[in-house]
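Participant: Spelled out from the first residue to the last, the chains are:
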Amino acid sequence: MKISAVFKHVLSMAAVAAFAAVAVPAQAWEPTKTVEFIVPAGSGGGADQMARAIQGIIVKHNLMKEAMVVINKSGGAGAEGFLDVKSAKGDPHKIIITLSNMFTTPLATGVPFNWRDLTPVKMMALDEFVLWVNAETPYKTAMEYVDAVKKAGAGKMNMGGTGSKQEDQIITAAIEQKTGAKFTYIPFKGGGTVAVQLVGKHIDSSVNNPIEAVAHWRGGKLRPLCVFDTQRMPYKDKMTSTMSWNDIPTCKEAGLDVNYLMLRGIFMPGGVSQDQVDYYVNVLRKVRETPEWTALMNKGAFNQTSLEGKEFADWVAAAEAEHIALMKAAGFMAGGK
Amino acid sequence: MDALNSLLDGFAVALTFTNIALMFAGVILGVIIGVLPGLGGANGVAILLPLTFSMAQTPGGQTSAIILLSCIYWGALFGGAITSILFNIPGEPWSVATTFDGYPLAQKGRAGAALTAAFTSSFFGAAVGVIVITFLSPIVAEFALEFGPPEFFAVYMLTFCAFIGMGKEPPFKTIVSMMLGFALAAVGSDTVTGTLRMTFGTATLLTGFDFLVAVIGLFGIGEILMTLEEGLEFRGASAKLNLKVVLETWKELPKYWLTSLRGAAIGCFMGIVPGGATPASFMSYGVARRMSKDGDKFGEGMVEGVVAPETAAHAAGTSALLPMLTLGVPGSPTAAVLLGGLLIWGLEPGPLLFVEQKDFVWGLIASMYLGNIAGLIVVLTCVPLFAAILRIPFSVIAPIIIVICAIGAYTVHNTTFDVYMMVVFGVVGYAFKKLAYPLAPLVLAIVLGDRAEASFRQAMLVSHGDMSIFFSNKLVGGLTGLALFLLFWPLISWLIRRLR
Amino acid sequence: MSEANNQRAALSDKTAEMAVAGFTFALGAIAVYDSWRIGARWVGDGPQTGYFPFYVGLIICIASAVNFIQALLMSKEKNGVFVEVGQLKLVLSVLVPTSVYVVLVALFGIYVPSIVYIAFFMLWLGKYPWWKAALVSVGTSVFFYCVFEIWFKVPLPKGPVEALLGLD
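Residue numbers (my numbering), protein chains in the order written: chain X, 236 to 572; chain H, 9 to 508; chain C, 47 to 214.
Chain X with its partners taken away, still in its complex shape (with noise of 0.2 Å):
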């Protein structure tokens, strides 16, 4: 029977590992129970695609021996998963993955809930964002496309994105503040969505993620104008026949100063301790070694700044800072703080 030879291969491979175990040293915790990692967004989302991805390769390379779950935790924009993980203080079996929302909604809300209340982990990566227009507009670059949002009048261009008042909407307010153009923010559920309405030129631009919005680029859907980062991404492989996501120039290099990085980081509760928080850093950093996450890190064009410790902590801090900036800026702040 072909079945009992799966088995048979499943056995093999967790006998394999459990001597890969045993060479490597010994670690002063292990979790002893299943593994809750916790998405402050729903499924399908970008945290969802990379947590679902974390938990995959975990399980594939065997670098965890109980369980590890997904749950998505959505309610009042990510309120819901990060109160959560607030009120499991000292539980080292919750993790969570983060997005911007972890600062713009208690921001936006006055939900209270802080990130000092967790406990940093490891900065995954950061997710980049990128200015489309639809490949149908005559729109080459991303100065073209903001005369003619000026030009169009207040409010006459329609810009989508993801959420209220979240990192979508902030840069969108950043770009507005840079060079008076004015757009109309549409709010929707979740990137996927955005990008298909811009597909159907429901609205006029977006600035979605690069895995968000990659498989309409490669079908000739969309165009990119440019990457809101400070440099231009590294990957050098043709994505369409002619541009790579290296060929794509910072908003700064076509002239729309603005930057923004949106961190994918994994945290735990508050009053954990630090053989627990280096247990998770260790298999996090496994996890970053394996061909899925090379994959993973090009297909999504991501930042792979990867931050741990100290350095994460102080990371946060200022992001943390600069979003009070920005949402200020925007006017997004809760009972006009």
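A hint or two may mislead.
Claimed, not checked - Keeping only pairs whose Cα atoms sit at most 20 Å apart, straight-line, the calculated EDC-like set for lysine to aspartate or glutamate is: (1) X:534 with H:474; (2) X:391 with H:474; (3) X:375 with X:464.
To be verified - Which chain X residues stay away from chain H? Per the calculated CB distances, all over 10 Å, these: (4) 319; (5) 349; (6) 383; (7) 415; (8) 431; (9) 472; (10) 477; (11) 479; (12) 496; (13) 546; (14) 565.
Hint data in this document are derived by calculation from the structure and do not stem from the laboratory.
Don't be surprised by glycine CBs; every beta carbon is placed ideally from N, CA and C.
Using the hints, position chains H and C against chain X.
Facilitator: Showing chains H and C alone in chain X's frame:
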């Protein structure tokens, strides 16, 4: 006939002994997942994903893994109808409309007939969905792109207008019930501005009221309380327990060919848009009730009332896989997890999928055909087994059902608050049912409320508050017009009769 | 208790109608109040956050008021029996244990209260011998434990007993 050749290749790959065995295993697992409300299809698929990784490392294992996954998906689709019919508890959101006539049928002792009708219609709906995917995918993918905010709003409005006609219930009670649904749907964070509504500073209300919790309480617990009044037993225990009932029901089904075709058409449309399987089932039920000559008897246990929503739900569930594959936008949480799994396999959803990853896609589509057939065989042979559950004494099965309901309510957001809410909804359901407040509009409003509001407000942002956007092109104008026509149908038909 | 007493009305239709109308009115009022707080007007680019909930709440209030008045004006002949004493007893005999059960779930997790609840139901309402009740109730909980915690890795609430047994 390029599509046909590719499909035949797909079949050749899928039809091995191991794969067929996996198909049946997947369907059985899926049925279990569909029956237990706590194990939504999303959960089941998510948990089994890792298992498929190890499978995929054997030669030809990748196809087997996809077959296993999609068969679990099929099984879960079939399984949702079982608890709807037996206990008035929908295992999945899209089987709510199945309870309207399925449960009364079971109470009349025709559980076997209801189950057979549900399964056969599901099969038919799904088969039409797969055929549409096979032959019309390029056209269909283009069509889905036509849908922006105003079009989505028009579709939701159409669903509503198709379902809500003036029923037998007192009009003001219908209004209260429907509006309560909208109010409950509004609780939580507003998608358009992110503002928190009606949460009163509590963390538990952040997530709002989930449709599933409301349904488990209103229908499941409410129904158990109703049953209790008449003594400690379920009605319908006399259901026939042999496979003859399948054949007898099959003889009856061809009568409803028109309802089936309409259901399949509505389902495919809603799946492609993608409006979702749940609205599709409601819309199809509503349309069938209006069009059928036995429309008045809907809700009292009509086989036709089971055929309509099941066909549509499955046609939608199946055809929704197309936008998922070509546009990368999943139509349901289960589809999202399935998509996540396929992504790890190296599938790249998008317009180039049918060009670049032909074998993969056609293998998947072939597995849809086969999985659907395997599913039908499994569930039909189990009809007597399912019907026999009704013979378990009430004082044994009732607490077990309540435990299952509690687990189902808990797993929606992993909070015990939802378990409390389930009991509250149960009492409300009991009181509403006794006082002739209709429950269906409430449920539909919870499902569609926030989606409809979000698309309406997105449309208003686009048009700067100009309502004429709902008539701005043929598509949206047609949908809005049709919705208004259905809404005012009672008035129009009265006028027509007067003029004659 | 005599048969006649069991068939006596515990609650008349009129009272029940008025109570439910009052309840829905209160819910509508809550919606109106909170929506007005967050802004419920139609502004330049469409409705504000509270616009729809505000009117939804308002309609609930109006329709509830109509229902309430209709109940108030209900004639004596039409005022039937909402629930008889005997029926109410049966309903409460399930509703009260169920309410206790869900509170216990919050305190002790799902598995232990489920054993108690199913056993209670079978012993008290079904008059089964204790060993059957024990078998079914423990069997069900163990089955759910295997399905959810072990096979499908869906974490359900657990309490001190599971912690003691090392099963969490």
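Participant: Work down the list of hints and note, for each, if the structure agrees.
Facilitator: For each hint, the structure was consulted:
1. X:534 with H:474: Violated - the C-alpha atoms of residue 474 of chain H and residue 534 of chain X are around 41 Å apart, more than 20 Å.
2. X:391 with H:474: holds (13 Å)
3. X:375 with X:464: Roughly 19 Å between the alpha carbons, so the hint for residue 375 of chain X and residue 464 of chain X holds.
4. 319: violated (8 Å)
5. 349: Consistent with the label, residue 349 of chain X stays out of reach of chain H, its closest Cβ about 15 Å off (over 10 Å).
6. 383: Holds: least Cβ distance 17 Å, greater than 10 Å.
7. 415: holds (20 Å)
8. 431: The claim is violated: residue 431 of chain X sits with its nearest Cβ about 5 Å from chain H, within 10 Å.
9. 472: Nearest chain H Cβ is 14 Å from residue 472 of chain X, so the label holds.
10. 477: Residue 477 of chain X is indeed farther than 10 Å from all Cβ atoms of chain H, at 16 Å.
11. 479: holds (16 Å)
12. 496: Non-interface label stands for residue 496 of chain X: nearest chain H Cβ at 22 Å, farther than 10 Å.
13. 546: holds (30 Å)
14. 565: holds (13 Å)
Checked against the numbered hints listed earlier, the structure breaks hints 1, 4 and 8; every other hint is satisfied.
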